[in-house]
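A.B. asks: On the provided structure of chain A, position chain B as indicated by the hints.
Chains as they are written, first to last, in the working numbering: chain A, 1 to 202; chain B, 1001 to 1381.
Hints are computed from structural coordinates only; laboratory data are not their basis.
All of these numbers come straight from a predicted model, not from anything done at the bench.
Positions of the beta carbon are idealized from the N, C-alpha and C atoms, including for glycine.
Be a bit skeptical, because a hint or two may be false.
[Claimed, not checked] Simulated crosslink set (DSS-like; lysine-lysine; CA at most 25 Å straight-line): (1) B:1310 - B:1178; (2) B:1050 - A:78; (3) B:1245 - B:1220; (4) B:1150 - B:1303; (5) B:1062 - B:1245; (6) B:1062 - A:191; (7) B:1290 - B:1187; (8) B:1303 - B:1062; (9) A:157 - B:1062; (10) B:1050 - B:1303; (11) B:1310 - A:76; (12) A:157 - A:191; (13) B:1303 - A:96; (14) B:1283 - B:1178; (15) A:96 - B:1220; (16) B:1187 - B:1150; (17) B:1178 - B:1150; (18) B:1303 - B:1245; (19) A:157 - A:186; (20) B:1283 - A:186; (21) B:1178 - A:157; (22) B:1283 - B:1245; (23) B:1178 - B:1290; (24) B:1062 - B:1305.
[Said to hold, decoys possible] Here are the simulated distance ranges between beta carbons: (25) B:1283 - A:6: 51 to 57 Å; (26) B:1359 - A:1: 36 to 42 Å; (27) A:22 - B:1240: 54 to 60 Å; (28) A:1 - B:1142: 45 to 51 Å; (29) B:1047 - A:97: 35 to 41 Å; (30) A:21 - B:1190: 55 to 61 Å.
Chain residues, written in single-letter form:
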Amino acid sequence: METIEAIRDRILATFPGAEVTVVLNGSPSAQHSLRIGKAHALAIARWLRNDEALSLDQCSNVTGVDWPEREVTENKVKRIEPGCLEVVYHLYSISKRLGPVVIRMRTGNRTDDVTLPSLTPVWRACEFQEREVFDLFGVHFGGHPDLRRILMWDEFKDHPMRRDYVAPDDFDWEPTPHDDVLARAKENREKRTAAPAKEGGA
Amino acid sequence: MNTVADLFSENTGFREGDLLELSMGPHHPSTHGVFRMNVTLDGERVVRLKPVFGYLHRNHEKIAEGNSYLAAMPYTDRLDYLAGMTNNWAYAHAVEKLCGVEVPVRAEYLRVILAELTRIQNHACLCGFLVQDLGASGTPLMYAFREREKVLDLFEAISGSRMMGNFQRFGGCREDAKPEWLAAVAKLVAEFPSFLDEFEELLAGNEIILSRTQGIGVMKADQAVNAGVTGPVLRSTGVAHDLRKVDRYGVYSRFEFSVPVGAHGDTYDRYMVRLLECRESLKILAQALKDIPDGPVLDPKAKQKGLRPKAGEAYGRIEGPKGEIGFYLISDGGPNPYRFRIRPPSLINLTLLEDICLGQTLADAVAVLGSIDIVLGEVDR
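One chain only, chain A, in its complex shape:
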């Protein structure tokens, strides 16, 4: 299979002005990936599927990753790295026996700018998996034919796979809360009053 840099160069040659960056993977698996700007994502996905050399006809795995805001220290200078939600797609070619080509997209932030283009029109395999990412992470997929919660119930408000998710106290319910459970319930109540938007489900 061609290198990830070669794929990036061919994408850039086909879509001038598209945002495509190579994300190197430090682990021995060496599965490097391409981060794609959302403006051209759908067109690039379609191109990856239809391109003769790659023909990535199977989207195997779709998943979300939550990156909360964090403080990083570079050259002894502290800066705040803004948080975002990321969606990762693992693409394979069944006809050419190639893969994986990993593409990822990032939302602008974790609160209001959370819309990404849905790739379900290109690979039907994304249908349930994007619904799952929507349900558990809160990424909205524009152009998804049937974007509903899939694992949690419809009335549920929050997104449980986010790293700052706080489970409601009644999940830890005991007849007479004491010790750890009582302490956790108090702690959760304080967190929730600090961030009223985090009210859990039923």
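C.D. replies: Leaving out everything else, chain B in the frame of chain A:
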């Protein structure tokens, strides 16, 4: 105004020719667990079918992200009670990719033996359940369960547990196989074909089975590839895609076996492909038992507890009995996975359920669901 139909229409306002909305499940014997289908029926024909998931959801991924790498291992076999050993292997495979761990050859052989045993007991069960869904109550299913029991005895002997083996470790297996155990596997391999012959003779030419399965629930090859369908369901449409041949993970490149494919992608092909796969698995088992080398099954220096892979990510996948079972892990250098994702074959194989059930009768939709082979622990995670 005496018939049941009249009473029904009187009480519900339902008139001849109306569409009937039916919520089938979650507690319905044909849904193989807690799965629900919201079906709209025109007479007996399905005009709309929406699967509803989540009744068994416990956010396994979140649990795994709060624990060490090793602590997630026993959870993986609880995803699918029929394929514990292959799920263990898939997870170990992903972690080995993430850390770059080598696996001793004997362990690779042992993994192959356990995976193929898993495959034959999964497929035997599926064929039994499918025939049960078609209305052949009891006998064929119990024949299949009798065979499955023999495989579970072997699992119990080597791992201490019939279904929840927790057997694989990062860089090998937890225990070595004793010569008596390998001899018991060889005995099973020698005896299993007679069950397959019996099962095929009993059912394959049966007129009722043929008319209930042939041409029902037809899935097309390009449609299946696009929908991410994998495993025997994909192969029944004629696509010879088997990760044991494509990725050649482990020591699969050393064995001679073929990949059975179907021609029509209907319920019958999905059923037959599995029976044929059992025979191929037996071939692999015979070769693996003949060639298995001596040596360690786990490098004692391979780290299990307190594993802290350096920052990076890996996606590892293997061919499970139900299709491609994969694990996607992101490490931030800490003791817990930063992101732990399971690629569930059963859930993704259900993507096309509505498409292939449209226009079929409700009774056939039950058989189609049975032929896709789902386990809800893995669908809902």
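A.B. asks: Run every hint past the structure and note whether it holds.
C.D. replies: Comparing the hints with the structure gives:
{"no.": "1", "hint": "B:1310 - B:1178", "result": "violated (36 Å)"}
{"no.": "2", "hint": "B:1050 - A:78", "result": "violated (50 Å)"}
{"no.": "3", "hint": "B:1245 - B:1220", "result": "holds (22 Å)"}
{"no.": "4", "hint": "B:1150 - B:1303", "result": "violated (34 Å)"}
{"no.": "5", "hint": "B:1062 - B:1245", "result": "violated (33 Å)"}
{"no.": "6", "hint": "B:1062 - A:191", "result": "holds (20 Å)"}
{"no.": "7", "hint": "B:1290 - B:1187", "result": "holds (13 Å)"}
{"no.": "8", "hint": "B:1303 - B:1062", "result": "holds (23 Å)"}
{"no.": "9", "hint": "A:157 - B:1062", "result": "holds (17 Å)"}
{"no.": "10", "hint": "B:1050 - B:1303", "result": "violated (45 Å)"}
{"no.": "11", "hint": "B:1310 - A:76", "result": "holds (22 Å)"}
{"no.": "12", "hint": "A:157 - A:191", "result": "holds (17 Å)"}
{"no.": "13", "hint": "B:1303 - A:96", "result": "violated (36 Å)"}
{"no.": "14", "hint": "B:1283 - B:1178", "result": "holds (21 Å)"}
{"no.": "15", "hint": "A:96 - B:1220", "result": "holds (19 Å)"}
{"no.": "16", "hint": "B:1187 - B:1150", "result": "holds (11 Å)"}
{"no.": "17", "hint": "B:1178 - B:1150", "result": "holds (17 Å)"}
{"no.": "18", "hint": "B:1303 - B:1245", "result": "violated (30 Å)"}
{"no.": "19", "hint": "A:157 - A:186", "result": "holds (21 Å)"}
{"no.": "20", "hint": "B:1283 - A:186", "result": "violated (60 Å)"}
{"no.": "21", "hint": "B:1178 - A:157", "result": "violated (53 Å)"}
{"no.": "22", "hint": "B:1283 - B:1245", "result": "holds (15 Å)"}
{"no.": "23", "hint": "B:1178 - B:1290", "result": "holds (15 Å)"}
{"no.": "24", "hint": "B:1062 - B:1305", "result": "holds (20 Å)"}
{"no.": "25", "hint": "B:1283 - A:6: 51 to 57 Å", "result": "violated (40 Å)"}
{"no.": "26", "hint": "B:1359 - A:1: 36 to 42 Å", "result": "holds (41 Å)"}
{"no.": "27", "hint": "A:22 - B:1240: 54 to 60 Å", "result": "violated (33 Å)"}
{"no.": "28", "hint": "A:1 - B:1142: 45 to 51 Å", "result": "holds (48 Å)"}
{"no.": "29", "hint": "B:1047 - A:97: 35 to 41 Å", "result": "holds (39 Å)"}
{"no.": "30", "hint": "A:21 - B:1190: 55 to 61 Å", "result": "holds (57 Å)"}
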